[in-house]
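Peer 1: Each chain, written out:
There are 2 protein chains.
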Amino acid sequence: MMEPHRDPAMAAAPGASTRVVVLAGGVGGARLSHGVARLPGVELTVVVNTGDDLELHGLAISPDVDTVLYTLAGVANPETGWGLRDETWSAHGMLARYGAPTWFRLGDRDLATQLVRTRRFRDGATPTDVTGELAQALGVRARILPMSDRPVRTHVRTHGGWLEFQEWFVARGHADDVLEVRFDGVEDARPTERVLTSIAAADAILVAPSNPFVSIGTILALPGMVAALLAAAAPVVAVSPIVAGAALKGPADRMFETLGGESSALGVARHYAGAFPGLVDGLVIDGADRDQAAAIGQLGIRTLVTSAIMRDEDDRVRLAGEVLGFATELRRDEQRRNEG
Amino acid sequence: MMEPHRDPAMAAAPGASTRVVVLAGGVGGARLSHGVARLPGVELTVVVNTGDDLELHGLAISPDVDTVLYTLAGVANPETGWGLRDETWSAHGMLARYGAPTWFRLGDRDLATQLVRTRRFRDGATPTDVTGELAQALGVRARILPMSDRPVRTHVRTHGGWLEFQEWFVARGHADDVLEVRFDGVEDARPTERVLTSIAAADAILVAPSNPFVSIGTILALPGMVAALLAAAAPVVAVSPIVAGAALKGPADRMFETLGGESSALGVARHYAGAFPGLVDGLVIDGADRDQAAAIGQLGIRTLVTSAIMRDEDDRVRLAGEVLGFATELRRDEQRRNEG
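Top line first, the protein sequences correspond to chains W and U.
Heads up: the first sequence at position 3 corresponds to 493 in this note's numbering, and the numbers run straight through without jumps.
Heads up: the second sequence at position 275 corresponds to 765 in this note's numbering, and the numbers run straight through without jumps.
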């Protein structure tokens with residue numbers, strides 16, 4: 491258990507940039523990534539879940555990639571965390587009039603992103619290509635990398651049967667208990683070369699406070715992904731998406747109950763340690779869960795206790811700096827151990 | 491030369507509906523069609539030019555079909571004549587930010603139409619199918635029929651070379667002189683069965699005050715179209731798009747100068763009589779061109795002199811009623827001749 495660094499800049503080695511990889515789902519991943527991006531001396535790569543992607547109105551939609559993209563570009567809707575600020579909904583209203591499906595709301599500005607993505611896919615561009623182009627157009631300096639250029643589609647089993655992720659999450663408002671998760675296409679998918687290279691070259695690898703089952707879980711399900719993370723020199727530090735027993739956003743807490751385990755910081759640690767032994771070196775937990783640090787330590791996972799909630803942009807930068815300082819500390823300790 | 495009927499209802503035979511086919515381009519065709527649609531006792535079919543269609547942002551766009559659709563649905567932008575009223579332009583701004591082409595402005599609500607059309611095409615639906623579905627969704631009772639279900643693409647030759655229609659018309663604001671017109675794909679295209687059936691069953695066939703070269707000209711270039719019109723029992727009545735030497739909208743007047751002929755009501759009559767002998771039975775001309783009626787008569791084309799300009803919706807209904815009354819008169823005269 492470590493106390494946080496108070497100065498975010500401490501994380502960066504003087505003169506050289508710190509290469510940080512964040513594994514991210516949607517809103518939580520985007521917010522932590524945004525905090526990291528604003529730290530001085532950081533070269534950020536965000537590896538984003540694409541298991542939530544969908545096709546609608548003939549458009550290829552990649553919700554988590556766009557949430558990271560919009561957040562890093564500073565154009566995200568600050569209320570929802572997803573979608574664009576200053577959005578209008580004219581096309582949505584007209585689509586409804588035409589009887590087109592409207593359960594997944596696409597704003598007018600957001601539609602432009604999907605149009606460009608879909609068109610570039612038809613030209614033969616990869617998700618990695620298109621994401622890079624969109625990011626460049628929006629002035630994003632960080633590298634946003636879809637976890638894979640091959641399609642993976644997350645499905646969840648409910649009491650009513652299997653549902654596509656977005657049908658469960660958006661159309662039915664994630665009201666159904668999740669009894670099982672499966673990632674269609676994952677056997678044939680691989681992390682991209684750029685993802686693997688970024689992980690191998692990283693100074694710190696952060697696991698965002700995204701859903702461990704259907705955001706981070708999807709990324710880690712890619713063949714070769716866990717091996718690449720285990721082989722990386724950088725420490726892997728996760729931020730707990732559970733604070734005081736509840737998910738910061740979304741249904742992660744209820745999924746612990748139905749998929750097994752407990753909805754707590756310790757539960758997160760047990761989940762990662764059980765499913766991926768040796769993967770997570772450190773876990774950032776909230777002060778509210780301080781009493782769980784010892785039990786987490788017994789799993790071989792070190793803890794940083796801090797305020798793990800990101801209420802505003804300052805929170806993002808503060809938390810990112812602390813997480814990165816923690817990772818740097820873990821790395822130095824590891825180097826000392828190897829030298830000793 | 492005939493004087494107009496003052497009572498639009500006169501056009502309809504009592505008890506039975508009058509089947510009217512309008513050959514239409516964009517705004518002028520849509521406005522006349524709208525007037526016809528509002529007449530009592532009329533069953534309207536609009537056969538619409540699709541030579542101006544284009545692909546943009548991966549979307550299949552059919553500008554003239556949409557102008558007719560929106561106008562008949564009462565949702566057209568009253569200022570421009572094309573596009574939708576209460577439109578927003580959020581997607582357009584975002585597309586510009588992504589560096590996508592922005593010379594053809596698509597409003598947000600309009601985008602919904604293009605999304606639905608494009609998606610239905612991918613499902614295997616025809617332009618006729620999709621147009622019918624869109625019209626039904628917008629509550630349009632008239633039948634809007636794309637002239638063909640096969641692609642035709644109008645091109646114009648300028649001093650700078652051949653241009654696609656919309657590149658010339660929208661991107662370059664039809665500033666370039668047109669030296670030649672060609673309809674790519676027209677040899678392999680055909681009027682649809684529904685178009686041919688509607689023409690054969692019509693009581694009156696109206697040629698809208700649309701561009702004779704690149705709107706009506708495209709429709710008439712379809713193999714079998716002129717033969718179908720000549721074989722139809724109904725009289726063919728055209729409304730002059732030229733009033734007092736000038737085009738009511740668009741570049742038709744300048745095209746007369748560069749393509750041959752003269753920009754006048756008589757020039758319109760000569761154009762149709764020369765290119766398609768016997769096709770046009772009557773021409774509706776404006777009072778300003780009254781002195782050309784005799785010369786038009788010498789071409790074997792009867793004239794109706796009235797106010798041929800549609801400034802508002804009342805004008806549309808008035809003109810439509812007069813044109814239809816004129817057509818009915820021509821038909822009765824023809825029947826009398828055949829009986830005599």
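Since the hints were derived computationally from the structure, they do not count as laboratory data.
Among the hints, a few may not be true.
Stated by the list, open to error - Example chain W residues on the side facing chain U (calculated, C-beta under 10 Å, incomplete):
#: 1; residue: TRP572
#: 2; residue: GLY583
#: 3; residue: ASP598
#: 4; residue: ALA602
#: 5; residue: VAL606
#: 6; residue: ARG610
#: 7; residue: THR616
#: 8; residue: ASP619
#: 9; residue: ARG631
#: 10; residue: ARG633
#: 11; residue: ALA665
#: 12; residue: LEU669
#: 13; residue: VAL733
Claimed, not checked - Simulated DEER-style distance windows between Cβ atoms:
#: 14; chain 1: U; residue 1: ILE799; chain 2: W; residue 2: TRP593; range: 23 to 31 Å
#: 15; chain 1: U; residue 1: LEU720; chain 2: W; residue 2: GLY583; range: 16 to 24 Å
#: 16; chain 1: U; residue 1: GLY714; chain 2: W; residue 2: ARG631; range: 40 to 48 Å
Ideal Cβ placement from N, Cα and C applies to all residues, glycine included.
Peer 1: Between the beta carbons of GLY714/U and ARG631/W, is the distance compatible with 40 to 48 Å?
Peer 2: 60 Å, violated
Peer 1: Do the numbers back the hint for THR616/W, that is, is its least Cβ distance to chain U under 10 Å?
Peer 2: Constraint on THR616/W not satisfied, violated at 17 Å.
Peer 1: For the hint on TRP572/W, just tell me whether its beta-carbon gets within less than 10 Å of chain U.
Peer 2: 16 Å, violated
Peer 1: Hint check: is the beta carbon of VAL606/W less than 10 Å from a beta carbon of chain U?
Peer 2: At about 5 Å, which falls below the 10 Å cut-off, the nearest Cβ of chain U leaves the hint on VAL606/W intact, so it holds.
Peer 1: Given a cut of 10 Å on the nearest C-beta pair, is the interface hint for ASP619/W held or broken against chain U?
Peer 2: Nearest chain U Cβ about 14 Å off; hint violated.
Peer 1: Given ALA602/W as an interface hint, is the shortest Cβ-Cβ distance to chain U below 10 Å?
Peer 2: At about 3 Å, which falls below the 10 Å cut-off, the nearest Cβ of chain U leaves the hint on ALA602/W intact, so it holds.
Peer 1: How about ARG631/W: closest beta carbon in chain U under 10 Å, or not?
Peer 2: Check failed: Cβ of ARG631/W comes no nearer than 16 Å to chain U, outside 10 Å.
Peer 1: Is the hint on GLY583/W kept, meaning its closest Cβ partner in chain U is under 10 Å away?
Peer 2: Hint on GLY583/W: holds, closest Cβ of chain U at ~7 Å, below 10 Å.
Peer 1: Report holds or violated for the interface hint on VAL733/W, using the least CB-CB distance to chain U and a cut-off of 10 Å.
Peer 2: Status violated, d = 35 Å.
Peer 1: Is it true that LEU720/U and GLY583/W lie within 16 to 24 Å of each other by Cβ?
Peer 2: At roughly 45 Å between Cβ atoms, GLY583/W and LEU720/U fall outside 16 to 24 Å, so the hint is violated.
Peer 1: Is the hint on ARG610/W kept, meaning its closest Cβ partner in chain U is under 10 Å away?
Peer 2: 9 Å, holds
Peer 1: Should the interface hint for ASP598/W be scored as holding, given a Cβ-Cβ cut-off of 10 Å against chain U?
Peer 2: Given a least distance of 4 Å, the restraint on ASP598/W holds.
Hint compliance for this structure: hints 1, 7, 8, 9, 10, 11, 12, 13, 14, 15 and 16 are not met, and every other hint is.
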